[in-house]
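Asks: Each chain, letter by letter, is given below.
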Amino acid sequence: MQRFDLIVVGAGPAGLSAAIEAAEKGMRVIVFDENAKPGGQLFKQIHKFFGSKEHRARVRGFVIGQQLLEEADRAGVQVVLDATVIGLYQDKEIVVKIRDEIHHLKGDAILIATGASENMVPFDGWTLPGVMGAGAAQTLMNLHGVLPGKRVLMLGTGNVGLVVSFQLLQCGCEVVALADAAPAIGGYGVHAAKVARCGVPFYLSHTIREAEGTDHVTGVTIAKVDEHFQFIPGTEKHFDVDTICVAVGLSPMSQLLKMAGCSMVDDPKRGGQVPVCDEFGATSIPGIYCAGDVSGIEEASSAMIEGRMAGEAIARYLGYIPEADCKQAEKQLERGLFQLRRGMFAPGRKGTKQETTDEGIRLSQTLLTKGYVADDEIERFPGVTHRVGVHPVIECTQNIPCNPCQDVCPKHCISIGENITSLPTVVLDSTCINCGMCVAGCSGQAIFLIDEDKGDGTAEITVPYEFLPLPSEGDTGTALGRDGQPVCGASVVRVRRSSAFDKTNLLTISVPKEYAMKARFFKRCG
Amino acid sequence: MNQVNDRNRDIGPFVPQPDDDQIICRCEEVTKGEIRRAVHDGMWTITEVRRCLRTGMGLCQGQTCAKLVKRIVAAELHIPQSELEPATSRAPMRPIEMRVFANEDGEVKTDE
Chain L
15 MQRFDLIVVG AGPAGLSAAI EAAEKGMRVI VFDENAKPGG QLFKQIHKFF
65 GSKEHRARVR GFVIGQQLLE EADRAGVQVV LDATVIGLYQ DKEIVVKIRD
115 EIHHLKGDAI LIATGASENM VPFDGWTLPG VMGAGAAQTL MNLHGVLPGK
165 RVLMLGTGNV GLVVSFQLLQ CGCEVVALAD AAPAIGGYGV HAAKVARCGV
215 PFYLSHTIRE AEGTDHVTGV TIAKVDEHFQ FIPGTEKHFD VDTICVAVGL
265 SPMSQLLKMA GCSMVDDPKR GGQVPVCDEF GATSIPGIYC AGDVSGIEEA
315 SSAMIEGRMA GEAIARYLGY IPEADCKQAE KQLERGLFQL RRGMFAPGRK
365 GTKQETTDEG IRLSQTLLTK GYVADDEIER FPGVTHRVGV HPVIECTQNI
415 PCNPCQDVCP KHCISIGENI TSLPTVVLDS TCINCGMCVA GCSGQAIFLI
465 DEDKGDGTAE ITVPYEFLPL PSEGDTGTAL GRDGQPVCGA SVVRVRRSSA
515 FDKTNLLTIS VPKEYAMKAR FFKRCG
Chain Z
1335 MNQVNDRNRD IGPFVPQPDD DQIICRCEEV TKGEIRRAVH DGMWTITEVR
1385 RCLRTGMGLC QGQTCAKLVK RIVAAELHIP QSELEPATSR APMRPIEMRV
1435 FANEDGEVKT DE
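Residue numbers (the numbering used here), protein chains in the order written: chain L, 15 to 540; chain Z, 1335 to 1446.
Since the hints were derived computationally from the structure, they do not count as laboratory data.
Take the hints with a grain of salt, since some may be wrong.
In silico DSS-like cross-links for lysine-lysine, where the CA-CA straight-line distance does not exceed 25 Å [said to hold, decoys possible]:
#, chain 1, residue 1, chain 2, residue 2
1, L, K283, L, K272
2, Z, K1443, L, K106
3, L, K272, L, K120
4, Z, K1401, L, K283
5, L, K120, Z, K1443
6, L, K51, L, K120
7, L, K364, L, K283
8, L, K238, Z, K1366
9, L, K468, L, K527
10, L, K251, L, K238
11, L, K425, L, K517
12, L, K120, L, K106
13, Z, K1443, L, K51
14, L, K238, Z, K1401
15, L, K537, L, K527
16, L, K537, L, K468
17, Z, K1401, L, K364
18, L, K517, L, K537
19, Z, K1366, Z, K1401
20, L, K67, L, K425
21, L, K164, L, K537
22, L, K251, L, K164
23, Z, K1401, L, K272
24, L, K364, L, K238
The whole structure should be built from the sequences, with the hints applied where relevant.
Replies: Here's what the structure looks like:
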């Protein structure tokens, strides 16, 4: 039987990170993945990631995937694709199917990083073609270049629902609405705001009553639910759609760990059946580890750190590094993970109702129910200030773990401080040079450069723009508010593209100056 | 003894619901009504329901319906979902053809 120091199941962000860490310590590592391509969900993620520099913030997910694969290659990690692990046994033996052959292998340590699968919710017609997981729609669009449909309703307003809705819009689909049975939007407000300013309505406390159609989806009816999630008669709304995307959470794919005999626990906060494990992913069976979504649903940035921590722990377990050497590395990794797990969306705060930010500022309720910060709410946030000349307006109103805006400004106009979940503030007496780096660098597309008074009755607003075709200078059209509704006429005065902006183009529009704090998006005539 | 093991408990009669014909396990085409009926026929654990109806034993191996079946069974028994043991995990984890399952080969080829 073939023997490896470490066998990793799953070549996603967690599995690859652990494999790199272990291989760099001199271990012989093999990674199996049942997919035809490595990277897990990373290659579907075309948006810029949150976090700080050490979490590769501001880098798009698929680029992080490429970086990880290159690192794995340099470290000498073997990645075997189209390889389905079909069994894991207590004495760390695995059975893997590769094409039409079965192989038995033994690992001195095993890391399970199998990730998660999408949840479904049953409603009349949920088995019709056209109803699909939001992740499936993302796979179609971003991996295969196939449009999932033309008119889409999204069920679920967690980060997956919000991010995929925006990507559907970028692909040219019409997103008719986002619905969620919960009373408040579950994902980051900045993700919701990107979708809302394109004019997509949100229906909270609403869920799907019925998908219509005989051999494929032709329409959908949603209705309002009460606090016990029961439909309220007479609140039905119909939409003509050909696609219904479902983004109602993920379940850890932890079956291999259960099969091996690891102690399991049913933890709704971590997404379902998860292994009992310590902070390094060590399960109840010595030598079997887990990392990433399989040990509790989070996101790719924390999965990468969990993977590295598990890699370190495994190297120590097998005696590849002395105890003392890993202490410092572990401390740093733990700090990185701690940072990601802070703020309003921290795993420990899931499901709790929050009224104010950590700074004590009342949260925007419109953001939680309609997806945008209302005009009369925006002024109370510290990133929103007024001054003469061009200056950044940062519409970042929730405590999320993200701070690239602070690093990216060459003039240090924006400050977040030590705690990366603090709201960004505009530094007093700083001089904005209108370079646009903050607008392009904000992963949440929540920063705008505004000259509130050009002296001729107009104001100029620079907005991030990730749609094609890109408008040209001189184009005229309509400025849309944060709610996606038309506020006034607008013309494009400048279009900036640069490799430093990493495909987030900057559109500067001119509007009457009274709309300087209202207009946030541009729609071309026709 | 937890409430699942106490088979003397009265869970009330089977009452038809309007969405009983909704498919829950799409691989094996099992409806909500069939699952609810099975509970009233004495199948009180996920394993029993599975053996009786084949829920979660099709192509996706319960990846889609496991949580849905659990919710329905727990509601029928009037117990929290956490009291229900999930189905046993056993090899092969993914559907596999018998000719492949029997085709044991030697080493995995690596570029070492």
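Asks: All hints, please: hold or fail.
Replies: Comparing the hints with the structure gives:
no.	hint	verdict
1	L/K283 to L/K272	holds, 19 Å
2	Z/K1443 to L/K106	holds, 20 Å
3	L/K272 to L/K120	holds, 18 Å
4	Z/K1401 to L/K283	holds, 14 Å
5	L/K120 to Z/K1443	holds, 15 Å
6	L/K51 to L/K120	holds, 24 Å
7	L/K364 to L/K283	holds, 7 Å
8	L/K238 to Z/K1366	holds, 23 Å
9	L/K468 to L/K527	holds, 8 Å
10	L/K251 to L/K238	holds, 9 Å
11	L/K425 to L/K517	holds, 22 Å
12	L/K120 to L/K106	holds, 6 Å
13	Z/K1443 to L/K51	holds, 18 Å
14	L/K238 to Z/K1401	holds, 24 Å
15	L/K537 to L/K527	holds, 18 Å
16	L/K537 to L/K468	holds, 22 Å
17	Z/K1401 to L/K364	holds, 20 Å
18	L/K517 to L/K537	holds, 19 Å
19	Z/K1366 to Z/K1401	holds, 13 Å
20	L/K67 to L/K425	holds, 18 Å
21	L/K164 to L/K537	holds, 19 Å
22	L/K251 to L/K164	holds, 19 Å
23	Z/K1401 to L/K272	holds, 16 Å
24	L/K364 to L/K238	holds, 23 Å
Violated hints are absent here; each numbered hint is respected by the structure.
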